[in-house]
Amino acid sequence: MTTTSLATTKFTVINTHVHNIDGVAKVTGRATYTFDVKLPNMLYGKILRSPHPHAKILKIDYSKALEFPGVVGVVTGKEDTLGVKQGIWRRYQDLCDEQILPLDKVRYIGEPVAAVAALTEDIAEQALDLIEVDYEVLPAVYEPMDAIKKEAPEIHEGFERNINVTRHIEWGDVDEAFEEAEYIREDWFKVGGQHHVSMETRAAVSDYTPDGKLTIYHSNQSPYYLQALMAGVLGMREGDVRVISHYVGGAFGGKFELDGAIFCSAVLSKKLKRPVKIIYTREEDFIASKRRTPMFYYVRTGVKKDGTFLAREAKVFTNGGAYTGMGATALYLTGFFHSFPYRWRGYRYDGYRVYTNTLPSTSMRGFGAPQAMFTSEQQIEWIAADLGLDPIEMRRKNSHYPGYEVPGQARIESCGIDQCYDEIQKWIKEKGKLPENRAIGISACGFMTGGIFNWFDTPYAFSAAMVTINQDGTVELYVGAQDMGQGSNTTLAIICAETLGVKMEDIKLHASDTDHCPPDLGAWGSRQTLMTGNAVKMAAEDAKKQLLEFAYAHAHIVSKTGLNIVYDLDIKDRWVHNVARPERGVDYSELVKIALRGKEGQKIVGRGFYTPHRKGMISPAYSYMLQGVEVEIDEETGKIRLIDSLTAHDCGQPINHLGLIGQLEGAFSMAAGYGYLEYMPFEDGQLMNPNLVDYKMIRATEMPPTAVAEIDTYEPEGPYGAKEAGEGLTNPTAAAIGNAIFHRFGVQMKENPIRPEMILNALKEKKEQKKSGKKNK
Amino acid sequence: MSYKCPVCKKEWKDSLQVARHMFGTGDKPHKEWVDEQGKDKGFTFIDLMIEQATTPGNKSYVTLAEIIEKAQSSL
Amino acid sequence: MEKQLLTLTVNGQPYELYINPKTLLVEVIRDHIGLTGTKRGCSTVSCGSCTVMLNGMAVKSCSILAMQAEGAQVTTIEGLEQTGELAPIQKAFIDHGAFQCGFCTSGMIMTAQALLDENPNPTEWEIREGIEGNICRCTGYNSIVRAIDATAKGNYKEV
Amino acid sequence: MIHDFTYLKPSSLKEALTMLEEHKDDCKVICGGQSLLIIMRQGLLVTDYLIDIKHIKELDYIQFDAKAGLKIGATTTHHTIETSDVIKKNYPVLVAMENKLASIQVRNWGTIGGNLAHGDPSGDPASVLIALKANIKVGNAKGGRTLTLEDFCVDFFETALEEGEIVLEVQVPTPEAKTGATYQKFNLLESDQGMVAAAAAVTLNGGGKCKDVRVVLGNAGPKPVRIKRVEELLRGKGYDEKLFAEAGKIASEDCEPVTDIHASEEHRRHLLGVLTKRMLKQAWEQAKG
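Residue numbers (this note's numbering), protein chains in the order written: chain A, 10 to 786; chain B, 616 to 690; chain C, 984 to 1142; chain D, 119 to 407.
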């Protein structure tokens, strides 16, 4: 590790206006997604899906489908996959509960039952109609509060009352803290699900060859996970499975588990020894992928009359859907972030994830925190109003600070929440008096920078990187991190260029191919900038150190730089120079050639890796933010329009400036959608809006200005002081919209998305209460 | 004094923590132990857990913590 | 099914194809001609990922029968570059970070280009209305609006 | 998956009508196809022959004459309508409505005839056109007939088109002097299909009293719903906000909306009431000039 004080170094690449390195490919249509992959002799696969939410499979007869001209093969659970189960929580085998292609039972509408490969997609689709399946339909249950009842049908054997996972968090003496409280408030919330809606639907092309090797093109956010999971379910060695994920059309937390497309295409390909491509239609992507976890939240909070937070207790039931997926993590994180960003003397969280006969819920950008903030940040606003306190000052006096330790959970190093309050206060003040139909709502939150708990049970470092330098000074950077649009390729190239002292155009980044890149846990939990970033920094430093060894030893460079024993050399912008007298130096490519000669023609290779140590169980660093949203609401129709917003944001040292703005704006649109548009209504287990006509999302006309106030902090654990910026921003918006409605009308919205009808109903209810209140007097 | 989990023998300073651990783990042996204790008292592991989750306060944990305390001598 | 002859021009190149008449324009572009820059994100005319220009107009190629493009001039994302030089709108998208995963980008750029062709000086609201038929799940649109606005202001014209 | 069909491309209207007569039940007509292809892809519509009239220039026109009014050929696209100078000048409400009809891509390719023939009660043009007292000309190989657009809209996705007939032309009379017409849909996304919609046209007499009025609601029933009780209420009356509120109340009673995932019946009734009130007021103010 370098010893220079980086905080005071002026960067040449970091946080400058750097273009996305995949830009040319993406704006010209050259970027080839899994959706576009076409291999010689390739077949097209289609999946037969369960029409029942809960049923036993008695018999599958596909003989007619096989006879259909153009059909090449069919696979089923009984004959081909033999009930092999999968799950991403590999450390806990009983949570690996998902049979893709089930043996005996289906648990949600849309679950794969069999798969067909044919010469064309049309033929495969027609063949699906020829497969006869006998089902014994079982009673089904769709809501967690129904599924825990004694008489509820059993969805998974051995999971009593359908309770899949429980998570508990507690610190301090909660009951004592409640006793001390002068004001206690309890509320119940119903927080909705949300679909990832990646523009590229689930897609895979599997190519199994007779030498026993399998190559898979797959749209995902962690090629290493998919490699390992596929090896596991197919009984192959990891090294014989290659996953390629160049260009991924969005993921948002929905693409790091094994999905039907990859599984069925691989099983078909292994059976038929031909490449098989499966692309989900938009409808399939809706009904048979996964979603953000819907939750029922009970929150009880005790405070002093002066607004000092004392105790909080939360009890949460989540609708887990049919399988575990990443649900256990979401269940823990929602409980943890429900405490954020505040200090509680006593905090208790009991979370229960319940199986139901709906599509499985899992991780999605924010990973449990948007649900937690929708409940927490609204309740806090109501408490401030109940007590007549300034909601910002009340938040401020209870907030985390640098060096604070969340008891038994995490130590906070950098924390800029206090400055966030200043920025939002200033913004609100500058706005002055708003028109009558508008109000501002705020919401605070924080988020993790990568996860620590090794639930995947990987033997590898969490992140790794390799840097090699070519004779002309160009650099090959190899990472296992995955760019799914968030711009990690660019961020990592920036870190490499800055560290090595070269230009952006010198870096050629290699990722998204398990054959050629080091394993890395991939893109989830906002982990790559910090974890892969640290690995890249270490690899670049390693390479640089090796280069400089030659410089220190080379008479020509020593004389040119005027080097003596007390002076250091450094490289910046391809200029190898004396740190004290930067004008004295030599060109970087000259040094590279010297080094190559010195190493008898071998390239310089730098290696780096990162696994968090001594950082608790959750995350090595936390981002903080406060968001203000100005909302216009039509009192007669309940229509919401977002007018303006400011996000005060502490993400440590920004690395990729354009990328950061993109994350902020993109997260805002997704979070605003979660606040008032996006929802997934089910009827008898059937998703009622599995298309982009009926599933409403923010469009350009709905998007308000999204200003940002960057709070200057330095995170010691992150590369150059950086921490997360990708997910946390999805957390505050729904609550901020709710709070704006509260300030506009005095009504409390306890369910999201907050739709016009709900606002009007709340207003009506309020009116009636007022009336009956008057009568009673 | 410290309290041991009657099933896996992990130790905590507080019997409430042991109760929390037992609920949190919730695997077969832990479940069975609680069910065994509740046989004559008319509760099961899952009853306690659902009560814990659906009513304010901490009753179930306290109930289980008391049972754990009593069981310490026989561990 | 009897195949029928379709002749059309794509990015200045003439094509003669025999197709099943139910083939959609997007399928001809992607599968028959092999220009995979044009994407598909839905099958309900909702997302705009498949937007191309047909005789200069932005259309969603997933909801037009290829046969209806008989004799037409089609421009896809691959047709925007001139002699290896990116079009101003493409440069603007890069400079403003107006894309992330890139899957909607081809359609978005074609919509933007058609908008600017018809209305060279759009207001911000006209830009937003102009691209509301295109879903971008990543960017939140504001960077796209800035990129189109900057293009209209001539910031990326060739010197 | 779209089922196979034989694609027919008539070179003239006459040839198209002959083809229709020949294939009767076994054929469908495609124009812009912006709605048709969706339902074909869902397998909801299967046909042996598809007759493409999109390119028939004879039906692509906008004519205006102060006496005869406005005539729009069936294959005229939405975008042609929204950019037409005569329409902008004489029927601004049509431009405003077209502006918010789906996306520019759909308006570039979709046609007015196709839209009306689809018979979707949430479609934008029908309610506005009915408020403007539009007629529709349809025809088959034997000849043509003209009926009111109101009569043309029969039921949910059902029109008065008979076998072998297609839509030929939409006719909108020239609005009388002192007429105001407005349209608004309620939706959460700017140009999305309306959860509900309301169109109002108000004509005032010399004394500023209501001479004539129409209120037509979209997505408020199986077809555009004309609220005649409101018309009776307002005729002969002067500007009065209380009257508009009363009209809204009537509209919310007389409409026939349904509950779906986007809104309950009750909420739709409420919204239709609010929109009726607002559109009437705006139309009236416009009529005053």
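No lab work stands behind these hints, which were simulated from the structure alone. A couple of the hints might just be wrong.
Not the full set, but computed from the structure, chain A residues with beta-carbon under 8 Å of chain D [unchecked claim]:
| hint | residue |
| --- | --- |
| 1 | Arg39 |
| 2 | Thr41 |
| 3 | Asp131 |
| 4 | Val595 |
| 5 | Glu609 |
| 6 | Lys612 |
| 7 | Asp693 |
| 8 | Asn698 |
| 9 | Pro713 |
Cut-off 20 Å, straight-line C-alpha distance, at most; resulting in silico cross-link-like pairs (DMTMM-like, lysine to aspartate or glutamate) [as the list claims (entries may be wrong)]:
| hint | chain 1 | residue 1 | chain 2 | residue 2 |
| --- | --- | --- | --- | --- |
| 10 | B | Lys628 | A | Asp184 |
| 11 | A | Lys159 | B | Glu684 |
| 12 | D | Lys206 | C | Glu1101 |
| 13 | B | Lys646 | A | Glu645 |
| 14 | A | Lys776 | D | Asp273 |
| 15 | B | Lys674 | A | Glu185 |
| 16 | A | Lys47 | C | Glu1101 |
| 17 | D | Lys296 | D | Asp330 |
| 18 | C | Lys986 | D | Asp170 |
| 19 | A | Lys648 | D | Asp372 |
| 20 | C | Lys986 | D | Asp330 |
| 21 | D | Lys360 | A | Asp579 |
| 22 | A | Lys158 | B | Glu681 |
| 23 | B | Lys646 | A | Asp551 |
| 24 | A | Lys775 | D | Glu384 |
| 25 | B | Lys674 | A | Glu76 |
| 26 | D | Lys127 | C | Glu1141 |
| 27 | D | Lys127 | C | Glu999 |
| 28 | A | Lys158 | B | Glu684 |
| 29 | B | Lys646 | A | Glu195 |
| 30 | A | Lys512 | C | Glu985 |
| 31 | A | Lys569 | A | Asp579 |
| 32 | A | Lys773 | D | Asp122 |
| 33 | D | Lys367 | A | Glu645 |
| 34 | A | Lys602 | A | Asp551 |
| 35 | B | Lys643 | A | Glu645 |
Glycine included, C-beta positions come from ideal geometry on N, C-alpha and C.
Hints, one by one, checked against the model:
1. With 8 Å as the threshold, the beta carbon of A/Arg39 stays out of range of chain D, its nearest partner Cβ sitting at about 23 Å, so the hint is violated.
2. With 8 Å as the threshold, the beta carbon of A/Thr41 stays out of range of chain D, its nearest partner Cβ sitting at about 25 Å, so the hint is violated.
3. At about 6 Å, the closest approach between the beta carbon of A/Asp131 and any beta carbon in chain D falls short of 8 Å, and the interface hint on this residue holds.
4. A distance limit of 8 Å between C-beta atoms decides the matter here; for A/Val595 the minimum to chain D is near 57 Å, and the interface restraint is violated.
5. Interface hint status for A/Glu609: violated, as the beta-carbon distance to the closest one in chain D is roughly 61 Å, over 8 Å.
6. The criterion of a C-beta within 8 Å of any C-beta in chain D is not met by A/Lys612, whose closest approach is roughly 50 Å, and the hint is violated.
7. Taken as an interface hint, A/Asp693 does not check out: its beta carbon lies about 13 Å from the nearest beta carbon of chain D, beyond 8 Å.
8. Interface restraint check: A/Asn698 against chain D, minimum CB-CB distance 6 Å, threshold 8 Å, status holds.
9. For A/Pro713, the shortest C-beta to C-beta distance to chain D is roughly 13 Å, which exceeds 8 Å, and the interface hint is violated.
10. For the hint pairing B/Lys628 with A/Asp184, the CA-to-CA distance comes to about 17 Å; that is within 20 Å, so the pair holds.
11. Between A/Lys159 and B/Glu684 the CA atoms are separated by roughly 29 Å; this puts the pair beyond 20 Å, and the hint is violated.
12. In summary, the hint linking D/Lys206 to C/Glu1101 is supported, as the alpha carbons are separated by about 17 Å, within the 20 Å threshold.
13. Restraint check: the Cα-Cα separation between B/Lys646 and A/Glu645 comes to about 54 Å, which exceeds 20 Å; the hinted pair is violated.
14. A hinted pair counts as satisfied when its Cα atoms are at most 20 Å apart, and A/Lys776 with D/Asp273 does not qualify at roughly 39 Å.
15. Distance restraint check for B/Lys674 and A/Glu185: the Cα-Cα separation of roughly 14 Å lies within the 20 Å cut-off, and the hinted pair is therefore satisfied.
16. With a C-alpha separation of about 36 Å, the suggested pairing of A/Lys47 with C/Glu1101 is violated against the 20 Å cut-off.
17. Distance restraint check for D/Lys296 and D/Asp330: the Cα-Cα separation of roughly 10 Å lies within the 20 Å cut-off, and the hinted pair is therefore satisfied.
18. The hinted pair formed by C/Lys986 and D/Asp170 meets the criterion: a straight-line CA distance of about 16 Å does not exceed 20 Å.
19. Of the pairs offered as hints, the one joining A/Lys648 and D/Asp372 is violated, with about 23 Å between alpha carbons and a cut-off of 20 Å exceeded.
20. Restraint check for C/Lys986 and D/Asp330: not satisfied, since their Cα atoms lie roughly 56 Å apart, outside the 20 Å limit.
21. Among the hinted pairs, D/Lys360 with A/Asp579 is inconsistent with the structure: their alpha-carbon atoms are about 80 Å apart, more than 20 Å.
22. At roughly 27 Å between alpha-carbon atoms, A/Lys158 and B/Glu681 are farther apart than 20 Å, so this suggested pair is violated.
23. Pair hint B/Lys646 plus A/Asp551 does not hold up; C-alpha atoms about 52 Å apart against a cutoff of 20 Å.
24. For the suggested pair A/Lys775 and D/Glu384, the alpha carbons sit about 18 Å apart, so the restraint of at most 20 Å is met.
25. Taken as a hint, the B/Lys674 and A/Glu76 pair is broken in the structure, with Cα atoms around 63 Å apart against an allowance of 20 Å.
26. Pair hint D/Lys127 plus C/Glu1141 does not hold up; C-alpha atoms about 43 Å apart against a cutoff of 20 Å.
27. Restraint check for D/Lys127 and C/Glu999: satisfied, since their Cα atoms lie roughly 18 Å apart, inside the 20 Å limit.
28. In summary, the hint linking A/Lys158 to B/Glu684 is not supported, as the alpha carbons are separated by about 30 Å, beyond the 20 Å threshold.
29. In summary, the hint linking B/Lys646 to A/Glu195 is not supported, as the alpha carbons are separated by about 30 Å, beyond the 20 Å threshold.
30. For the given pair, A/Lys512 sits about 58 Å from C/Glu985 by alpha-carbon distance, which is inconsistent with the 20 Å threshold.
31. With a CA separation close to 14 Å, the supplied pair A/Lys569 and A/Asp579 stays within the 20 Å bound.
32. Distance hint between A/Lys773 and D/Asp122 is unfulfilled; the C-alpha atoms sit about 53 Å from each other, more than 20 Å.
33. At most 20 Å may separate the alpha-carbon atoms for a hinted pair to count; D/Lys367 and A/Glu645 meet this at roughly 13 Å.
34. Note on A/Lys602 and A/Asp551: the hinted pairing holds, with a Cα-Cα distance of about 17 Å set against a maximum of 20 Å.
35. A distance of roughly 55 Å separates the Cα atoms of B/Lys643 and A/Glu645; the hinted pair therefore is violated under the 20 Å criterion.
Of the numbered hints stated above, those contradicted by the structure are hints 1, 2, 4, 5, 6, 7, 9, 11, 13, 14, 16, 19, 20, 21, 22, 23, 25, 26, 28, 29, 30, 32, 35, listed in ascending order.
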